[in-house]
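Colleague: Given chain A, put chain L in place with the hints provided.
Residue numbers (my numbering), protein chains in the order written: chain A, 6 to 356; chain L, 6 to 356.
Hints are computed from structural coordinates only; laboratory data are not their basis.
This one's a predicted model, so the numbers in the text were calculated from it and none came from an experiment.
Check each hint, because a few of them may be wrong.
No copy is singled out in the list; a pair is fine if it fits within one copy or between any two copies.
Claimed, not checked - In silico lysine to aspartate or glutamate, EDC-like type, Cα no more than 16 Å apart, as pairs:
1) Lys105 to Glu130
2) Lys77 to Asp155
3) Lys84 to Glu16
4) Lys105 to Glu352
5) Lys105 to Glu216
6) Lys99 to Asp276
7) Lys77 to Asp122
8) Lys202 to Asp155
9) Lys105 to Glu245
10) Lys131 to Glu24
11) Lys202 to Asp332
12) Lys105 to Asp122
13) Lys77 to Asp332
Single-letter residue listing:
2 protein chains.
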Amino acid sequence: MYNKTIRRCRENPVITIDEVTPTTPNMQVVGIFNCGGTRLNGKTYLVCRTAEILDSPLPDNLTVPYIGPEGKLASQSFKLNNPELDFSDNRIVKNKMNGKVIALTSLSSFRLAVSEDGVHFSIGEKPCMMPNPLLEEWGMEDPRVTSLEDCLYLTYSSVSSHGVGVSLASTKDFQVFERMGMILPPPNKDAVLFPEKINGRYYLLHRPSLEGTIGDSDIWIADSPDLLHWGNHTPLCGCETGNEWESRKIGAGAPPLRVPQGWLVLYHGVDAQQRYSMGALLLDKDDPSIVLSRTSQPILTPEETYERSGFFAETVFPCTAFLEGPDVVIYYGAADNSVCRVDIPLETILE
Amino acid sequence: MYNKTIRRCRENPVITIDEVTPTTPNMQVVGIFNCGGTRLNGKTYLVCRTAEILDSPLPDNLTVPYIGPEGKLASQSFKLNNPELDFSDNRIVKNKMNGKVIALTSLSSFRLAVSEDGVHFSIGEKPCMMPNPLLEEWGMEDPRVTSLEDCLYLTYSSVSSHGVGVSLASTKDFQVFERMGMILPPPNKDAVLFPEKINGRYYLLHRPSLEGTIGDSDIWIADSPDLLHWGNHTPLCGCETGNEWESRKIGAGAPPLRVPQGWLVLYHGVDAQQRYSMGALLLDKDDPSIVLSRTSQPILTPEETYERSGFFAETVFPCTAFLEGPDVVIYYGAADNSVCRVDIPLETILE
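This is chain A alone, in the form it adopts within the complex (with noise of 0.2 Å):
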């Protein structure tokens, strides 16, 4: 019902593997997309989350990369032929017996790009931020980026062996950046904060991945005094809707945007085929723990070629959302594979 609003831009995917150089001669970019963002000084800037795999030297092995103990770049092979692994998810290596991931096909960091007009970007011929060797030892994952009393602050996840917990970094100029610890424990993901205190506290919606038994993938909400530490943690929305499109799960995409009528807060909805689509919340302005109002039906669905395949199918990821006069610009994973650019208007949300 939205679509005709809907701009998708021309240039899409607006920043694609090609563009980018591989961290080492040896590794291949199989990835460039969900990625947080910011506007300083007329400027986009743009982390994104890069995906790099390995070339396997030996026949029937799989090598794949890893950060090692003292925070290098490291290597681990096994044989296709393992009657003990499980190769078939193409992002994973499992344990057949008990389930259990033993390590990723890819290695996650993060990149830099740039772009005066928001549609041409120039990409960084390194990574910005590396992963680190004790709670990132697979990667570091789906980076927001929020702008919060004169600061940049990026919310990732910090994916290793011990889980995929969120963690808090900050910087001034995307140069330097101070790691602030893991601020919620695995197994969670999708944490934005708010771009400033409410009612003298710093707000953060995440998403606690509940896989397991009792309890849905919903989103929450929490506060801190300081940013490092959160508390108060309570449901904000589920995803047990009776909609179809994100009946399976759902996370916080963009950090939330201050509108006139509340926060408005792009999400991903995921159906029971694994595909991401795009819906959006209404937040109280002044208790965000209150939904006001929430899209039945997605607003973006993966349609174009660049959201269906990829190396994971079927998705757009939004992550990125700016108001620009009449619109939201918002900037999206497609298909763990691509950045894209949408500009809708935030009427046609808000309706």
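Modeller: Relative to the frame of chain A, chain L by itself:
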């Protein structure tokens, strides 16, 4: 190897279901077990998890209790021949299709037990804390009590359809409790507060329940400026030790005890057959994120009849420990059915 010096209380179990008045006449107490405790003015106070079921008035139905939206006891009935439901675990009702828990068969609340001699207890006629409707519709479980800065703090599991998270409450008298919110989002359990600040920060151990594909159910440590908000989540120690008795998962038991050598933490380890035993950790006194040593063999395993059969068989689950002369006095839940006491020389544990 420690068996010679383990002195189980001759009066074990020291608290049994026969002594507990049901919360309402139509309820039946099926367990009084995992308990947090403190000693005040020479008396021992234990806040005990009490599990109660409802009579099922209709044949071929299972009627289960829960907390309704207004905070009152409510009930729900399931047809035992419903092909979509799985009743094979006597503690839960599951949806066969997606494996999700849709109800618990019992409702847990907290009951206060008080003793002059640490062996004979008188038990409150009514619960001292009842679950709240939002995050505890299915109950509150496994309290730990920490005496800290002239106040008593309870960390416990809040169980609902939103998952199992860790909540905090405070009390000065076990009569009036102040709820302080959910401090760790689901899935998390087995949180214990340290009894004093270390280097100006509060510390807590917790256990994310990673039954999913990435990560193990290990013990983590976190810090806080105010007890309400927690950050710097860091893995402390894992279950991947090669020791069969703790191969499935581990979790902190009693709040840490300050001993000359550091912080002594009693914990439970679970083997592949879901048998719960007790081990111990020694943490550095100035930096509790450093593990100085760890028992390779369990200190206590289910051996007595009251530890081997009950609502959940083969379980010793320590939640309270005091130093008393040369001994550590430990109260533990036995088989999710009763409260027991064991005295073990500190020296034996430290060996």
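Colleague: Take the hints in turn and mark each one as holding or not.
Modeller: Evaluation of the provided hints:
1. In this homomeric assembly, Lys105 and Glu130 never come within 16 Å of each other (Cα to Cα): the closest approach is 35 Å inside a single copy and 46 Å across copies.
2. In this assembly of identical chains, the alpha carbons of Lys77 and Asp155 never lie at most 16 Å apart, being 32 Å within a copy and 48 Å across copies at closest.
3. For the homomeric pair Lys84 and Glu16, neither the shortest alpha-carbon distance inside one copy (41 Å) nor that between copies (58 Å) is at most 16 Å.
4. In the homo-oligomer, the alpha carbons of Lys105 and Glu352 never lie at most 16 Å apart, since the shortest distance is 45 Å inside one protomer and 38 Å across protomers.
5. In this assembly of identical chains, the alpha carbons of Lys105 and Glu216 lie at most 16 Å apart whether taken from the same copy (13 Å) or from different copies (9 Å).
6. In this assembly of identical chains, the alpha carbons of Lys99 and Asp276 never lie at most 16 Å apart, being 23 Å within a copy and 22 Å across copies at closest.
7. Taking identical chains as interchangeable, the C-alpha atoms of Lys77 and Asp122 are never at most 16 Å apart, the minima being 36 Å within one chain and 58 Å between chains.
8. For the identical chains of this complex, Lys202 and Asp155 are intra-copy neighbours only, at 13 Å inside a copy versus 32 Å across copies, given an alpha-carbon limit of 16 Å.
9. Taking the closest pair of Cα atoms, Lys105 and Glu245 come within 16 Å of each other only across two copies (13 Å); inside a single copy the shortest separation is 27 Å, beyond that limit.
10. Within a single copy, Lys131 and Glu24 get their C-alpha atoms as close as 12 Å, which meets the 16 Å cut-off; across copies the closest is 68 Å, which misses it.
11. In this assembly of identical chains, Lys202 and Asp332 lie within 16 Å of each other by CA distance neither inside one copy nor across copies; the values are 25 Å within and 50 Å between.
12. For a Cα distance limit of 16 Å, the shortest separation of Lys105 from Asp122 qualifies neither inside one copy, at 44 Å, nor across copies, at 48 Å.
13. Taking CA atoms no more than 16 Å apart as the test, Lys77 paired with Asp332 passes in neither setting, with 43 Å inside one copy and 47 Å between copies.
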